[in-house]
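The chain contents come next:
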Amino acid sequence: MTTTTLTYAGKRRRQALTTLAFLSPWIIGFAAFFAYPLASTVYFSFMHYNQINPPTFVGLRNWKYVFTEYPLFAPALWNTLWLVVVMVTLRVVFGLGIGMLVTKVKTGVGFFRTAFYLPYLAPPVAATIGFVFLLNPGTGPVNRILGALGINAPNWFNDPSWSKPALTVLALWGIGDLMVIFMAALLDVPKEQYEAASLDGAGAVSRFRHITLPNISPIIMFAVITGVIQTLQYFTQPTVAGNLASGQLSAPGTMVPPGYPDNSTLTLPQLVFTLGFQNFNTGAASVIALVLFAVAMAFTLLLMRRRSGLLTED
Amino acid sequence: MRRTALAILGAAAATALLASGCTANVNGGAYDDLSKKETITFWHGWSQPNEVNAINANIRAFERLHPNITVKSVGNVTDDTINQALRAGGDSAPDVVSSFSTDKVGLYCASGLWTDLDPFLAKSGIDKAKTFTAPTLKYTAYRGKQCSLPLLGDALGLYYNVDMFKKAGIARPPRTFSEFKADAEKLTVRKGDGYRQLGFMPDYHGYATTPTNYLGQWSPTYLDARGRSVLAKGSAVTDMLTYQRGLVQALGGYDRLEKYRTTFGDEYSTQNAFHVQKVAMQMDGEWRTVNLEQDRNVRFHWATAPMPVPDDQADQYGKGYATGTTIGIAHSSRKQNAAWQFVKFLTTNTKALVSFANAIHNVPTTYASLKSPDLDKSPTFRTFVRIAANPRSSTLPPTLNGSQFALTLSDFAYRVESGKVPVARIREGLKEVDHQIDLDNLQAEM
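Residue numbers (numbering that gives the first Met the number 0), protein chains in the order written: chain V, 0 to 313; chain Y, 0 to 445.
It cannot be assumed that every hint is accurate.
As the list claims (entries may be wrong) - DSS-like cross-link-like pairs, simulated, lysine-lysine; straight-line CA separation at most 25 Å: (1) Y:190 with Y:258; (2) V:63 with Y:190; (3) Y:36 with Y:122; (4) Y:180 with Y:36; (5) Y:165 with Y:144; (6) Y:180 with Y:370; (7) Y:35 with Y:165; (8) V:163 with Y:258; (9) V:163 with Y:419.
Hints listed in this document are in silico derivations from the structure and should not be mistaken for laboratory results.
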């Protein structure tokens, strides 16, 4: 009886070890690139650490500083949430629209698909520089055209109330990634369902609501969640646009603060960089990194919980 | 339950050990014997061919003078790379390091990452106050600790278009801010809702016209002896911001000026607004003299002068804002005697300083080199030499958190110049700025 039990336990252990061995590449990657950095960030959020001298414990001091004393946290949080809500929503809607368009066109399919996808391949820095020049209030062609049409053109990246919409326009231009995903999802919807609905007299809106949407809801959810995570990491475009539009380019010994104009393009990732690597305030930077993590988790959980209610109601 | 708790405790302890393990710092010292052959490593940020050739020429001159010491030079290194290497220490870390930014001097000195050079200066019999110009000593030390020395500097002055001045009937560059405002208005030619030509672009985002650069003319006190922000206490910052708002309004208003500013080309290109005659006057550093000389499209006559001063400080005309490159010895270096010989040569040898200054068109940082007959004699460059030598020229004080206090002040200054903060509220607003800077500094010093 004892021998049988041991043999069974041994088999279980061997099975467990085999499973662990197969999982080990992922476990090592997860531990090294997620668990350890996350634990370190939590650790440093309670420390005073200037990246040179050994860290010293300061309790909740960094948390208090970020939430009650640091004036740039509130505008950065507001800008980040604005971009998450507005930019992600518009990107998903626009991406779905373009995806539907390129699946419907009869001629020049290859051209349209390529034309809409190509901007996504442009390096973010180059694309942002291009947009800042195009939307330059003084010399840009967009405002010249709008002016010729009698439209009072905005100052885009030079106006605090237009800088985030300008970044959104840039994000919509590079919609190629979502277009491809939605195009694949739309082509995957069974044609018989559309045929049956048409026979029942369903119109275009009804077909979209009752057939297309439920079928592609997992893809929409994927686009929203990855969009939220990407936008919470939004760094390159606002940094380049802000610096370039401000007219003050970084030069040796010159530190250009992010957020031009009037901190309207300041995002939380920029704040993490500024606090951590320009002001050597690792503790406060870690607090903001954890806030970002919490916001990303909250959005993801909320979306996951609401998924069925929002998109597959029928 | 107990095993889970133990596991969590173990994981937390391991994390703490790992996290703190990343912060090791290796102690060096002046243990090396100068009579024996030694190789030291020098990391710097110069990358342009003329800059690299110039620094290499100085290195060769040093090696001829000190045959026992060989210098291994590594260029185009950023401050972040230097920080990482010095934090890690070891044989691969540099012995001598230089930085274009004065922002980190406070951190380098307070943390001990860069060695205190006072004992070396004393040992070599160098009186730093008599050797280096006053502003450069301020930005290379923190709370009395001289952990770096100046290696060439920058001074800011006024560039003006002589042809436009003649056409407007202005005989000489302005010396006080009242004259400056009058000249700027006289030199401005409006066209529709923009300008055909602007006397001066005052906006704080206009190239080098940043609030702190500008403030050099008012000689402000940023921090008191205890390190507390005192911007609201004196009249310098209030006066400067009040003047700025008046100048912006006199030249057409913030919105009009900002719109015109968006038509300016890149600061470091031939499309710079002064190069293409969009502005008649511009605040800029000595490096612009080379840019203007090399730009074939600049066919107008231009000259340089110190920036004007407030009317009640007219006798101080000639001062300006100064900053520059710093050089120091890594705390982790075990060859600090050899490293000091090299730093001493680069920062105090008049011939080395003058040849380097002439090659890269920066301002020398010792009194002896400023007086050298070999220094570039062109009058446009000499203006900046005089500004740098002026004892009333000023700079920003080093702090532990880079230039965070300057950015807090700048944010407020942007709101004043645009009219979001009325002139009557400037002093009240500066008190809030002081409070914020104190909070930030306290956070950095914990």
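Evaluation of the provided hints:
1. Y:190 with Y:258: Within the cut-off at roughly 13 Å; holds.
2. V:63 with Y:190: violated, 52 Å
3. Y:36 with Y:122: Holds, at roughly 21 Å.
4. Y:180 with Y:36: Answer violated: residue 180 (chain Y) to residue 36 (chain Y) is near 61 Å, above 25 Å.
5. Y:165 with Y:144: violated, 50 Å
6. Y:180 with Y:370: violated, 33 Å
7. Y:35 with Y:165: violated, 64 Å
8. V:163 with Y:258: The hint holds at about 19 Å.
9. V:163 with Y:419: holds, 20 Å
Of the numbered hints given earlier, the model fails hints 2, 4, 5, 6 and 7; all others are met.
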